[in-house]
Structure formats: C-alpha cells, structure tokens
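J.: Here is what each chain is made of, one letter per residue.
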Amino acid sequence: MILRNLNLAASSLLTQQQALDVISQNIANVNTPGYSRQTAQLASAAPDTIRGRDFGNGVNVATISRSIDPILAKSQMANNSLTSLAQTLQQGLANIEASFGNLDVPGLTTTLDDFFQAQQQLANTPEDPLSRLSVQTRAQDIALRVSGMRQQLVEGQAASNQEISPLLTQVNNLLDQIGGLNKHILVNESSGQMANNANDLRDQRDVAVMALSKLIPLQQVATNNGGLLLQTPGGDLLVQNDAVRHLRLGAAGGSAYGNIEFTDTGVPAQGLDQGGKLGGLITLRDNQIANYLQNLDSLAANLTFAVNQLHAGGTGSTGVTQYTSAQARGNALAAVNADTTIPFASKIVTGSFKLHVLDAVPPTIPGGTAINITAGTTTLDQIATAISAIAGVTANINGSGQLVVDGGANRIAFSNDTSNFLAAYEINAFFHGGSAADFSVDSAILSDAGRIATATADATTSNIAVADNTVALAILALRDTAMSVDGSTAGSPVQRAANLASTYGLDVSAANQQVSYRQAEADALASQRSSISGVNVDEELVSMMQFQRAYEAAAKVIQTSNQMLDSLMGLIR
Amino acid sequence: MRVTSQQMYASLLAGIRNQLQIQADNTEQISSGRRFSRPSQDGLGYKTSLDIRHAQKGIESGLQALGVAKLRLGSSENALSQMVPVIQRAQVLAVQQANATLTGSERNAAATEVGNLQDQLLALANQSFDGSPLFAGTATSSATMTLDVGGNAVYQGNTQDRVVAITSTETLVTNVRADHTAFTQVFSSIQALKTALSTNDLTAIQNSVNTLTAAGNAITELNAEVGGKIRSVGLREQTFFDMQMQMDARLNRHESIDIASVATQLTQSQTALQAAYSEVSRLSNLSLVNYLR
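Line by line, the protein sequences give chains W and H.
With my numbering applied, the first sequence corresponds to residues 1 to 573, in that order.
With my numbering applied, the second sequence corresponds to residues 1 to 293, in that order.
The hints are simulated quantities; they were obtained by calculation from the structure and are not laboratory data.
Using N, Cα and C, we set each Cβ at its ideal position, and we do this for glycine too.
Heads up, some of the hints might be wrong.
What the hints assert, rightly or not - Which stretches of chain W does chain H cover? Using the computed rule of at least three CB atoms under 8 Å from a CB of chain H, they are:
hint	stretch
1	97-106
2	117-131
3	303-312
4	474-480
5	523-534
6	538-544
As the list claims (entries may be wrong) - Okay, the calculated beta carbon distance ranges per label pair:
hint	chain 1	residue 1	chain 2	residue 2	range
7	W	Leu144	H	Leu71	32 to 42 Å
8	H	Ala260	W	Asn31	39 to 49 Å
9	W	Gln18	H	Gln23	43 to 53 Å
10	W	Thr223	H	Leu283	35 to 45 Å
11	W	Ile365	H	Asn217	39 to 49 Å
12	W	Ser346	H	Gln23	20 to 30 Å
13	H	Gly115	W	Thr364	34 to 44 Å
14	H	Glu170	W	Ser346	50 to 60 Å
15	W	Leu144	H	Gln23	31 to 41 Å
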C-alpha cells in the first residue's frame with residue numbers, strides 16, 4: 001500500500017505541474033490580443049476496487065477549457081463591422097471636406113453670391129464697362145469653383161474605388177487563413193484524446209474572423225464538428241470548413257464603378273455595403289459622394305439653363321454681327337428637341353424667337369422677324385433656311401454641326417424666345433454645358449464682356465438702349481428664384497449650394513455620431529470579453545500558489561511514504 | 001463582475017482619448033472665436049451661417065444700389081434747382097419787356113439774353129451723370145434735348161425709366177425724363193418769350209409772363225417730387241442699415257462661442273486628464289507580484 005501512496009502522490013505532482021503549465025500559458029499571453037483564458041479542469045482518476053472497497057487513483061487533468069461567450073463574440077463581430085463602416089465614412093468624408101470650403105475660405109455659396117452681387121451692380125449701371133468685367137470675372141469664379149469641386153469629389157470617389165482591390169486581397173487572405181484554421185481545428189480535435197482541446201487554434205480563428213469582420217460584414221454559423229461557416233449578409237457563402245470563395249472587384253460599366261463579385265461565378269456578392277471597411281468604401285463611392293456629385297451637376301445644369309434662357313433673348317453693349325451656337329447637332333435628321341447630343345434639347349417646346357437685323361435706322365424690318373419652331377418637327381436645317389429668308393442675314397450649319405447666323409455688316413439681335421431653342425443650342429448664351437462636368441462660361445463672353453446681355457431689342461422698333469437693364473434685372477431675379485430643369489427639388493442656386501454643404505455636414509455628423517456610439521459599444525463589449533476571457537494576473541498568481549502548495553503537499557506525501565518505507569526496511573535490517 | 005487589469009487600462013485609455021478630443025475641440029473654438037468653421041462641425045448651423053451671409057450680401061448690394069439711386073436723383077435735383085433761377089430771370093425779363101414804352105431794339109436785346117437763358121436751360125436738360133444723359137431715360141447715344149430749326153426743343157431720349165435693383169426682385173425708378181410736361185412747359189414758354197421779343201409782340205410778351213410762371217411752378221413741383229424720392233431712398237437706406245446691424249448681431253450670436261463656458265470646460269477637462277494620468281501610474285503599482293518577492 002505504501003507503493004500505492006507513492007503512485008498517488010506522483011499523479012498529483014504531475015497534475016499540479018500540468019495545471020501550472022496552463023497558468024504559465026495564461027500569464028505568458030496576458031497581453032496577447034484575442035487570447036482566451038484557459039483553465040485546467042482536474043478530475044480524480046477512476047478508483048481501484050480492492051476487497052470491495054474503492055481506493056482512489058489520484059488526480060489527472062480532465063480537460064483544458066477556454067473561457068469564452070459565443071454570443072458576446074457575435075456581438076463583437078457585428079460591432080467591429082459597423083464601427084469600421086462608420087470610421088471609413090468619417091475618414092472618407094474628411095478627405096473631401098476641402099471641396100466644400102469653410103467660413104473663412106469662399107465656398108460655392110459665396111462665389112454665387114458674389115456673382116449675383118456683380119450682376120446687381122451691372123443692372124444698376126449697365127453702361128459701365130467695369131460692371132461687365134466684374135460679372136465676367138465672377139462668372140469665371142463660379143466655373144472654376146464648380147469644376148474644382150467636381151474634380152475633388154470625383155477624385156474622392158476614385159480613391160474609394162482604388163482602395164477596394166487591395167482590401168479584397170486582404171479579405172481573400174483572411175478567408176484562406178480561416179479556411180486553413182478550420183481544417184487544422186477539425187484534424188486536431190478529431191484526432192485528440194480529449195474533446196475541444198484546440199484552444200489556441202480556435203483563438204487564432206476568432207482573431208481572424210474579428211479582423212475579417214472589420215473589412216466586410218459577416219454572418220457566422222458554427223457547425224457541429226468544430227468547423228465554421230461564414231456568409232455575407234445577403235446569404236452568399238464565403239467559407240465552409242476549408243472551402244473558401246474569393247471576392248474580386250468587377251469590371252466598370254460605362255460611368256458606373258464595378259460591383260464586388262465572386263471570383264468563381266462572377267456573380268455580385270449581396271449585402272457587402274452593410275458593414276466593414278468595404279461597406280464604407282462602397283457607400284462613399286456609390287451613395288454619398290455620388291449624391292454630392294449629382295447635386296452639383298443639378299446646380300450647374302439649372303444655373304446654366306435658367307441664365308441662358310434669359311441671356312439668349314438679350315443683347316450687350318457690343319454690336320454682334322455673327323452668332324455661332326456653342327452646341328453642335330449630333331443628328332441632322334432629328335427635330336431640334338430630339339437631338340440627344342444637346343443637353344437641354346428636351347426643353348425645346350413649340351414656340352418662336354425673334355431675330356432683329358439692325359441694317360439701318362430705323363431698320364428695314366422694325367420689331368424683328370419671328371422664327372417659328374414646332375417641337376417634334378422642326379429641324380436645325382429648317383431653322384437655318386427660315387433665318388436665311390430674312391433680308392440682311394444668312395444662316396448655315398458649319399462642318400462641326402453648329403448653327404452660324406451671319407448678319408454680314410449688320411448688327412443682329414435675338415429676343416422673345418418662347419421655344420427655348422436659343423438657350424438649348426447656346427446661341428448668345430452666358431454659360432456652357434449640361435452639368436458640372438462641362439460647366440464653363442461661354443467663350444464669347446470670356447473674350448468680350450461687352451457681349452454680356454443687359455438690354456433687349458424693342459419689340460416694335462428693334463431699338464436697343466445701352467442703359468436698358470431689362471435682361472440684367474431678369475437674370476438678377478434668379479438669385480432667389482427656386483428652379484428645377486431636371487426634376488430635382490426646386491431651389492435657388494445659392495440654396496442648392498448651401499444645401500449641398502449642409503448635407504455634407506450632416507453626413508459627417510451622422511458618421512461621427514456612429515463612430516462615437518460604436519466605439520463606446522466596442523469598449524463595453526471589449527470590457528465584457530475581458531471580464532470573461534481576459535487573464536487576471538492576480539488570479540493566476542493565487543492559483544499558482546494553490547497548485548504550488550498542492551505540489552508541496554504531494555511531495556510531502558512522498559517524503560512521508562519514503563520515511564515509512566525506511567521504517568519498514570529498518571525492521572528487516 | 002470579474003475585472004482584469006486590461007479592462008482598467010482600456011477604460012482609462014478611453015477616458016484619456018475623450019478628454020483629449022474635448023481639449024482639441026475647445027482649443028480650436030477658442031483660437032477661432034467661433035463654435036464652428038467647417039460644415040462637418042455643425043451641418044445645420046453651417047447652413048444657417050450661409051443663409052445669414054447670403055442675406056448680408058443682399059443688404060450690401062441693396063445699399064450700393066440705393067447709393068447709385070441717391071447720386072442719380074441728387075444730380076437730377078441739382079440740375080432742376082439750377083433751372084429755377086434761369087426761369088425766374090426770364091420771368092423778370094418778360095415783366096420788364098411787357099412795358100409798352102420799350103422799343104423794338106430794346107426788346108431785340110432782351111431776346112438775345114432770353115436766347116442765352118434758353119441755351120442754359122438746354123445745357124441743364126442735357127446734363128450727364130456717370131457719362132450718360134441724365135434726363136434721356138435709358139437712351140444714351142445722343143443728347144437729351146435738341147432745338148429744331150424753329151427753335152423748339154425736341155426730346156431725343158426714350159420712354160424707358162432708369163431703374164436700379166435694390167433687391168433681386170424689387171426695383172426703384174431713379175430718374176426724371178425730359179419728356180415730362182414740366183420740361184415741355186419750360187422750353188415752350190421760353191421759346192414763346194424769345195419769339196415775342198424778336199417780333200416785338202407786346203401781347204405775346206404779356207402772355208409769356210403767365211406761361212413762364214406756370215413753367216417755373218411745374219419745374220419746382222418736379223424738383224419737389226425728386227426731393228421726395230431722395231428722402232424716400234434715404235429712409236429705405238436707413239432700413240437697410242438697421243437690417244445690416246441686425247444681421248451682424250444675428251451672425252455673431254449664431255457663430256460666436258461663449259468663451260467663459262468653453263474655458264471652464266477646458267479647465268474641467270484638464271483636471272480630468274491629470275487625474276487619469278495619475279491613475280495610470282498608480283495602477284501599475286497595484287499587483288500581487290509586489291507581495292510575492
């Protein structure tokens with residue numbers, strides 16, 4: 001029996017040593033991210049029955065378990081995804097802030113205000129050449145501001161898109177890593193003597209899943225055999241055990257950016273915009289920056305068409321003898337309102353405009369000649385023919401498809417355009433373009449401020465008074481006029497610009513709020529995880545003392561047993 | 001709840017991070033004097049700031065327009081005022097020449113002076129403002145008034161008034177046109193006097209006294225009308241100045257920071273930050289390891 005004592009004590013020595021190994025592992029990993037505290041579960045060995053009585057066989061380590069809360073892990077994964085989304089939006093929006101200006105640096109609203117202020121001065125003193133130069137400069141400021149802003153936004157959009165491919169490489173690497181770990185865990189746990197003992201591999205897999213959840217939104221499903229199934233929020237499979245599906249950035253179609261699709265099938269992955277850095281980049285690229293661009297385009301389109309509508313029917317201080325349309329036709333057979341290459345062709349309606357030929361004082365045809373346009377019927381050639389029928393003026397379509405109206409030595413002027421033809425084809429226009437992408441001041445205005453229209457030819461006599469400010473006043477009235485030529489919510493140019501900056505500000509505010517909220521949530525979840533899975537050095541040291549004492553006690557048993565054996569041997573001697 | 005040292009460090013770190021953010025925000029506010037400068041700092045507040053600035057620009061432009069109106073009307077008033085003594089001199093001459101004892105040669109001499117007076121009136125009617133005829137409406141290409149072969153004044157301007165925009169939709173007439181009846185009366189009466197003197201027509205001279213009186217009264221009335229317009233512009237200008245002050249005050253209220261409040265917040269944050277730093281160093285001394293040596 002004394003020898004049995006020795007065996008029992010020996011099992012204790014071994015078990016306490018193993019328990020101390022687990023404590024050492026815990027202390028060694030006290031600062032390891034994602035490490036879950038492990039605990040050696042001790043169990044008494046199966047007893048021997050001797051003469052009908054059970055005699056214990058000592059102790060051994062039944063299992064080494066890790067302290068985790070699977071529900072908490074899922075919450076952390078979801079939080080990671082949303083925090084990363086908010087942080088990406090916050091960062092991406094901060095990168096384009098300069099394009100909106102600030103209270104110290106003139107933004108688009110200030111530039112528009114300055115333009116209308118100059119326009120007001122011109123209306124008050126139309127005969128003053130300096131007022132015209134001021135309007136010309138301010139208009140150029142708007143064009144530069146709009147194009148600069150658009151360029152910055154487009155660059156922001158492109159930067160978001162460029163980040164997607166490297167990010168997908170990271171995603172694919174993590175998916176491979178998770179697939180590999182799944183395989184190792186399955187092998188380890190199926191071949192091991194004890195169930196669920198691949199603790200460190202599971203920790204590594206958890207760390208990889210957490211890292212992946214920062215990049216893309218995930219749905220996690222645990223399988224019975226220790227494997228793991230990951231899906232996108234749209235239900236597309238990403239990883240199942242060691243089977244992995246890779247993602248890639250699809251080809252861009254036209255002006256639209258490419259979708260995120262599976263490499264194996266080429267089918268777009270669903271729901272990837274709902275979280276993670278990838279979701280943030282997609283939201284920035286396809287929603288937020290795209291929305292700012294759309295609003296900027298709409299502002300430019302409305303300003304262009306509204307100003308041109310008024311300007312085309314006016315005249316400046318320079319006596320113009322030839323006008324060339326800034327827009328060129330794309331289809332010679334199409335009616336003027338059906339030519340899709342003209343940005344505002346659809347705005348042309350049945351109506352007319354007047355052409356005044358100032359060939360003498362008083363002119364041969366006082367009050368001008370009306371050129372009629374029927375929507376859906378009248379072509380550009382027919383308009384040229386109708387103009388050429390007027391004495392003292394000819395019209396033709398040049399090689400580029402532009403309408404050229406030539407009065408020879410005679411000054412010509414337009415007025416009373418009820419058809420919108422002049423504005424759509426940019427004849428005697430102020431601005432050029434159909435959106436922020438090609439928005440500019442008309443080249444004729446840029447080269448001669450005297451072509452800025454302030455007056456209008458008299459409807460009866462065709463007389464033009466230099467100090468007449470009818471058209472200048474009408475353009476000035478646009479300052480506070482709500483307008484919409486493209487189906488967008490009506491608003492004045494300044495309102496639209498202010499709303500654009502305000503929308504951006506509110507988006508940043510929402511992203512900031514999300515980051516703060518998600519960060520606080522992440523802190524709380526990390527604290528909870530630490531509470532469950534974290535290593536407390538004090539606890540480990542106390543446990544270490546317990547096992548140390550147990551080890552000492554077992555050694556004492558051996559010593560005592562040895563003394564007992566000595567005594568026994570002494571009897572024999 | 002089970003607590004680990006990592007939790008405590010993480011919690012302290014989060015607190016320090018928050019306090020540093022408060023420090024950065026408050027420092028920016030104090031240095032700029034504004035609650036916000038960029039749209040990202042307060043989206044709605046930024047929009048309100050832009051709206052106020054838009055209104056300020058409108059007021060500024062309105063004041064400039066009223067300035068132009070005052071100058072143009074002032075010049076008109078000045079020219080009309082100068083016409084009055086000329087007409088009065090013509091009246092004096094008419095009364096003097098209505099005396100039956102005067103001879104034809106004496107009246108011829110008087111007719112020469114009346115011709116000079118007529119030239120003076122014509123010069124006044126053709127006065128320019130900022131390079132453009134003052135009384136010709138929006139026509140700027142020729143003189144306002146010319147005399148035909150019969151010596152009758154002919155209006156060369158048009159019938160369109162000079163208006164200035166004091167807001168984007170509100171305009172103000174800033175001129176008087178020489179096709180006004182007062183001008184017609186003045187030029188017809190002086191021409192009648194000149195003809196009567198040249199032809200030694202006593203009855204016509206006597207009639208001129210009355211027509212010149214009526215013309216003088218008409219010009220005085222027109223001048224009073226212009227004076228009324230100037231006063232009205234002045235009142236409008238005062239309203240704009242008041243609005244400008246209100247907008248300045250509103251912008252100041254909307255954007256400016258409460259320095260006392262921000263400074264207090266900053267001090268509180270500094271205290272919290274110091275406490276957090278002190279706690280970090282204290283925490284490192286609390287460990288069972290210290291007692292196991």
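J.: If a hint holds in the structure, say so; if it does not, say that too.
T.: Cross-check of the supplied hints:
1. Only residues whose C-beta sits within less than 8 Å of a C-beta in chain H count toward coverage, and the stretch 97-106 of chain W has 5 of them, enough to reach three; the restraint holds.
2. Three residues within the 8 Å Cβ limit are the bar, and the stretch 117-131 of chain W against chain H gives 8, so the coverage statement holds.
3. With 0 residues bearing a CB less than 8 Å from a CB of chain H, the stretch 303-312 of chain W misses the requirement of three and the coverage assertion fails.
4. With 5 residues carrying a beta carbon less than 8 Å from a beta carbon of chain H, the stretch 474-480 of chain W meets the three-residue requirement, and the given coverage holds.
5. Coverage of the stretch 523-534 of chain W by chain H holds [criterion: at least 3 residues with CB-CB distance below 8 Å; count 7].
6. Here's how the stretch 538-544 of chain W fares: 3 of its residues keep a CB closer than 8 Å to some CB of chain H, so the rule of at least three is met and the hint holds.
7. The supplied range of 32 to 42 Å is met by Leu144(W) and Leu71(H), whose beta-carbon atoms lie about 34 Å from each other.
8. Remark: the range hint 39 to 49 Å for Ala260(H) to Asn31(W) is upheld by a beta-carbon distance near 44 Å.
9. Gln18(W) and Gln23(H) have their C-beta atoms about 51 Å apart, which keeps the hinted 43 to 53 Å range intact.
10. Look at Thr223(W) against Leu283(H): about 42 Å separates their beta carbons, and that is inside 35 to 45 Å.
11. Hint check: Ile365(W) to Asn217(H), Cβ distance near 45 Å, so the stated range 39 to 49 Å holds.
12. Our hint of 20 to 30 Å for Ser346(W) and Gln23(H) is violated, since their Cβ atoms are close to 56 Å apart.
13. Here the CB-CB span from Gly115(H) to Thr364(W) is close to 41 Å, well matched to the stated 34 to 44 Å.
14. Restraint check, Glu170(H) to Ser346(W): a C-beta distance of roughly 34 Å breaks the suggested window 50 to 60 Å.
15. Under the hint 31 to 41 Å, the C-beta atoms of Leu144(W) and Gln23(H), about 38 Å apart, fit the expected range.
The structure fails hints 3, 12, 14 (numbered hints given earlier, in ascending order).
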